[in-house]
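Respectively, the protein sequence lines represent chains G and C.
Sequential numbering of the first sequence, starting at 8, is according to my numbering.
Sequential numbering of the second sequence, starting at 521, is according to my numbering.
Keep in mind that the hints were calculated from the coordinates and are not lab data.
Incorrect hints may appear among the rest.
To be verified - Simulated DEER-style distance windows between Cβ atoms:
#	chain 1	residue 1	chain 2	residue 2	range
1	C	E643	G	E190	52 to 62 Å
2	C	E667	G	K596	13 to 23 Å
3	G	R307	C	I636	36 to 46 Å
Said to hold, decoys possible - Dumping the calculated BS3-like pairs for lysine-lysine here, alpha-carbon to alpha-carbon at most 27 Å:
#	chain 1	residue 1	chain 2	residue 2
4	G	K352	C	K612
5	C	K713	G	K563
6	G	K356	C	K525
7	G	K615	G	K530
8	G	K556	G	K615
9	G	K596	G	K530
10	C	K713	G	K557
11	G	K332	C	K612
12	G	K557	C	K704
13	G	K357	C	K704
14	G	K556	C	K612
15	G	K352	C	K525
16	C	K713	G	K357
Yeah, the Cβ is synthetic: ideal placement off N, Cα and C, and Gly gets one too.
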Amino acid sequence: MTANAPGQVCLMQGNEAIVRGALEAGINFAASYPGSPSSQVLGMLGKVAKERNFYAEWSTNETCAMEACIGASLANARSLCIVKQNGLLFAADAIHCGAQHGVKGGMVIVTSDDPSAHSSTNEFDSRYQAMSANIPMLEPTSMQETKDMVPYAFELSERTHQMVIIRLTTRVCHGRGNVVLGELPEKPHQMKQVGEWDRMVCVSYLRSAMLQKMDMLRQEFENCPYNHYVGPDHPKELIVAGGTGRLYGQEAIRRLGVGDRVGLLSLATIWPLPEETILRHLEGVEKVLTLEEVDPVLERNLQAIAGSHQMQITFSGREDGALPKIGELDPDNVARAISLLTGAKLPEKKIASQEPLIERELTFCAGCPHRATFHILKKVLRQEKHPGAVIGDIGCYIMSGQAAGQYAFQACNCMGSGINLAEALGQLTHYGLDQKVVTVCGDSTFFHTILPGLVNATYHNANMLLMVLDNSATAMTGFQPHPATGITAMGDQVPPMDIQKVVEGIGCKAEVADPFDVAETEKTIRRLLNTPGMNVLIMRQPCATLMSKKKKRQVKVYVDQNVCLGDGCGCDKYCSRVWGCPGNTWDFKNNKAYIDPVTCVGCGVCAKLCPSGAIKVEGGEEA
Amino acid sequence: MKKLKFDPLNIVICGIGGQGNVLASEVVGSAMTDRGYRVAIGETYGASQRGGSVMSHVRVSEDQELSVLIPSGEAHIIIGFEPLETLRMTRKYAGPNTTIVYDPRPVYPLGVLQGIQQYPDQEALMAEIAELSAAAYPVPAADIAMEVGDSRAANIALLGAFTQLPDTPLSQEDLEKILTQRFKGAVLELNQKAFAKGCAAVNKKEA
Chain G
8 MTANAPGQVC
18 LMQGNEAIVR
28 GALEAGINFA
38 ASYPGSPSSQ
48 VLGMLGKVAK
58 ERNFYAEWST
68 NETCAMEACI
78 GASLANARSL
88 CIVKQNGLLF
98 AADAIHCGAQ
108 HGVKGGMVIV
118 TSDDPSAHSS
128 TNEFDSRYQA
138 MSANIPMLEP
148 TSMQETKDMV
158 PYAFELSERT
168 HQMVIIRLTT
178 RVCHGRGNVV
188 LGELPEKPHQ
198 MKQVGEWDRM
208 VCVSYLRSAM
218 LQKMDMLRQE
228 FENCPYNHYV
238 GPDHPKELIV
248 AGGTGRLYGQ
258 EAIRRLGVGD
268 RVGLLSLATI
278 WPLPEETILR
288 HLEGVEKVLT
298 LEEVDPVLER
308 NLQAIAGSHQ
318 MQITFSGRED
328 GALPKIGELD
338 PDNVARAISL
348 LTGAKLPEKK
358 IASQEPLIER
368 ELTFCAGCPH
378 RATFHILKKV
388 LRQEKHPGAV
398 IGDIGCYIMS
408 GQAAGQYAFQ
418 ACNCMGSGIN
428 LAEALGQLTH
438 YGLDQKVVTV
448 CGDSTFFHTI
458 LPGLVNATYH
468 NANMLLMVLD
478 NSATAMTGFQ
488 PHPATGITAM
498 GDQVPPMDIQ
508 KVVEGIGCKA
518 EVADPFDVAE
528 TEKTIRRLLN
538 TPGMNVLIMR
548 QPCATLMSKK
558 KKRQVKVYVD
568 QNVCLGDGCG
578 CDKYCSRVWG
588 CPGNTWDFKN
598 NKAYIDPVTC
608 VGCGVCAKLC
618 PSGAIKVEGG
628 EEA
Chain C
521 MKKLKFDPLN
531 IVICGIGGQG
541 NVLASEVVGS
551 AMTDRGYRVA
561 IGETYGASQR
571 GGSVMSHVRV
581 SEDQELSVLI
591 PSGEAHIIIG
601 FEPLETLRMT
611 RKYAGPNTTI
621 VYDPRPVYPL
631 GVLQGIQQYP
641 DQEALMAEIA
651 ELSAAAYPVP
661 AADIAMEVGD
671 SRAANIALLG
681 AFTQLPDTPL
691 SQEDLEKILT
701 QRFKGAVLEL
711 NQKAFAKGCA
721 AVNKKEA
């Protein structure tokens with residue numbers, strides 16, 4: 008990553024290309040909060056920050072990251088903020104104000120959208136944020152462009168004194184492709200003292216200056232080197248592509264054999280759109296197909312441009328159903344849409360069986376402490392007069408809404424919202440709502456946005472229980488450090504924050520329980536559910552995957568075939584059916600329980616649950 | 521640069537989160553990049569470590585710039601770490617030229633263990649994989665890995681089998697060299713054993 012070998016060809020992931028681009032741009036400052044699909048970027052930056060003499064941090068949340076980057080810009084530093092679509096929304100106030108006052112040192116925001124919601128709860132389209140805040144936005148179409156666009160965006164940002172957003176999508180972030188390396192600067196960008204009369208202040212009259220910048224950028228984007236056209240001089244059919252659409256389109260055109268009659272205009276300048284370039288290409292065109300990820304943003308803007316010039320063009324894309332309204336672009340739906348546009352057809356294929364194959368539902372890993380937590384929680388709640396209201400939050404434990412977590416929660420909104428949804432229900436228990444109210448959050452989410460909600464709920468003495476599922480990890484996104492881990496993105500050891508002390512510091516009671524101590528924790532949860540006011544229980548047990556990365560427990564868990572009663576037992580396959588750990592499988596030949604040695608990590612909880620005592624644990628507690 | 525029989529050459533690698541899909545695709549992709557080909561890889565993993573289906577598309581060309589996803593029916597090789605996932609990908613991506621190497625050891629979805637879903641009949645499943653492809657080689661990769669001492673080496677065993685396929689772009693020697701570059705000491709030794717047994721598993725069948 009830090010090799011100064013201009014011209015060398017590497018195989019690079021999109022996320023790595025962002026890192027390399029940032030190094031070639033000589034950044035001074037980088038901040039992020041992990042969010043898939045761009046979670047890996049800041050971690051990689053953190054590893055090389057000392058060597059390349061810049062600062063990188065995993066911020067407590069995206070607003071901290073975004074505002075820190077704006078702050079760095081005041082000292083003429085080049086700053087890079089990396090977020091996913093939700094993170095950009097979370098920091099929306101900061102970027103709207105930031106766009107109005109502008110920046111000094113170059114500031115680039117990388118936002119990663121997740122079409123098809125591979126690792127998200129939604130398919131939000133970041134482009135609306137650029138349009139709403141009047142921030143220029145670029146979208147690369149390949150790994151090479153992803154790398155090259157970072158220094159280009161910094162240069163653009165400094166020239167226009169405006170922040171620049173680079174929009175990526177999952178296929179770029181998690182894809183790999185060939186990248187030709189550029190030169191690394193000898194040292195990072197030159198910073199400057201903050202002058203007495205330097206100003207980055209958001210005031211309403213700066214709106215006109217901001218709009219002037221947009222006009223300037225629109226002109227500039229007419230000649231952006233990343234906008235391409237391939238095809239005949241005056242096509243009747245034109246494809247306009249953004250992001251991933253270019254390469255899918257290019258291949259489908261080739262496969263359909265329509266390259267001599269269809270034009271492909273690929274636009275990297277998502278906002279503001281280069282109107283003159285677009286008008287030039289629309290001249291004489293009868294039909295336009297737009298290829299873009301998520302919403303028909305480009306399609307509607309093209310319609311507006313064509314409409315305001317009285318052009319008679321038929322548009323197709325996401326809006327008219329030529330492409331699906333939800334889900335990502337792929338080679339098949341793009342080829343179908345181009346087939347509709349041109350009438351050309353691909354050769355028929357033999358169709359495989361349409362009989363549905365069973366899907367593989369996501370579940371907690373073998374040995375995950377969350378499985379034990381929700382198993383105990385649901386057991387206790389079922390014994391209450393009413394089944395209780397459980398509010399979820401964002402993290403691995405979002406799977407507790409499914410079979411993995413006993414279908415535990417009834418509501419889950421955005422990151423950090425659980426405490427506030429629950430606070431309302433907790434208050435309503437004073438007004439006739441006769442239910443126990445529980446919400447859960449992870450340790451990273453606790454610092455991210457639970458804290459203000461906890462202050463609110465504690466101050467107003469809501470009747471509820473907050474369970475902090477403290478697994479010492481930001482597990483869902485790949486084990487990034489957070490304030491309770493005692494380590495920073497740059498690898499420095501720092502004093503970890505104690506969640507229990509933080510809770511007690513705001514005047515709220517906090518207890519700690521071990522989800523693997525099933526009997527004791529059951530009693531604790533029951534007691535706290537029946538304690539009026541705001542209660543916090545920290546469920547402490549490290550993430551199973553984190554543990555297995557360190558060292559596997561030297562424990563063997565197995566089923567004693569002589570003790571297991573199999574189908575004949577009254578437990579109705581409790582270990583595999585109800586407990587539901589991937590390690591607890593079933594030997595369908597002998598009709599007895601079986602523990603898969605490949606999957607089992609030796610937590611031993613199932614041994615505590617088996618009514619016949621057939622599951623045995625051999626060996627010491629931990630290696 | 522050797523001429524490719526198919527250009528682009530499309531390889532699908534599929535399985536379940538945690539089985540080493542990404543490493544396998546990265547090993548093949550870097551080796552082809554070093555040989556001067558253009559490579560594009562698409563990884564579909566989402567919440568990868570939580571037991572869901574995962575797949576990688578590896579695409580190799582002499583001169584074309586490719587998207588990271590393979591069009592359906594256009595795979596030339598499918599490497600499968602689990603039979604149900606192999607069948608899922610075979611139905612979508614296999615064509616008349618596709619060769620498949622896969623581990624026939626099922627990993628049951630949660631729903632099967634809970635009695636909500638039924639895992640397909642293993643023989644029928646293997647027969648369908650064979651029928652939809654030009655050739656299919658079941659290789660007990662997880663068993664091989666456990667035999668040599670670490671279940672995590674299953675991906676390396678399957679990569680060994682992959683080098684023995686007729687249209688494979690990488691030879692046994694190519695991958696052996698990569699192993700020595702990537703691993704050291706006991707881990708290298710273990711992976712080398714798994715790799716050799718993986719190679720032998722396909723060779724035996726052809727003999």
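For this session: May I ask which of the numbered hints given earlier this structure violates, with the numbers listed in increasing order?
Result: 9, 13, 14, 16
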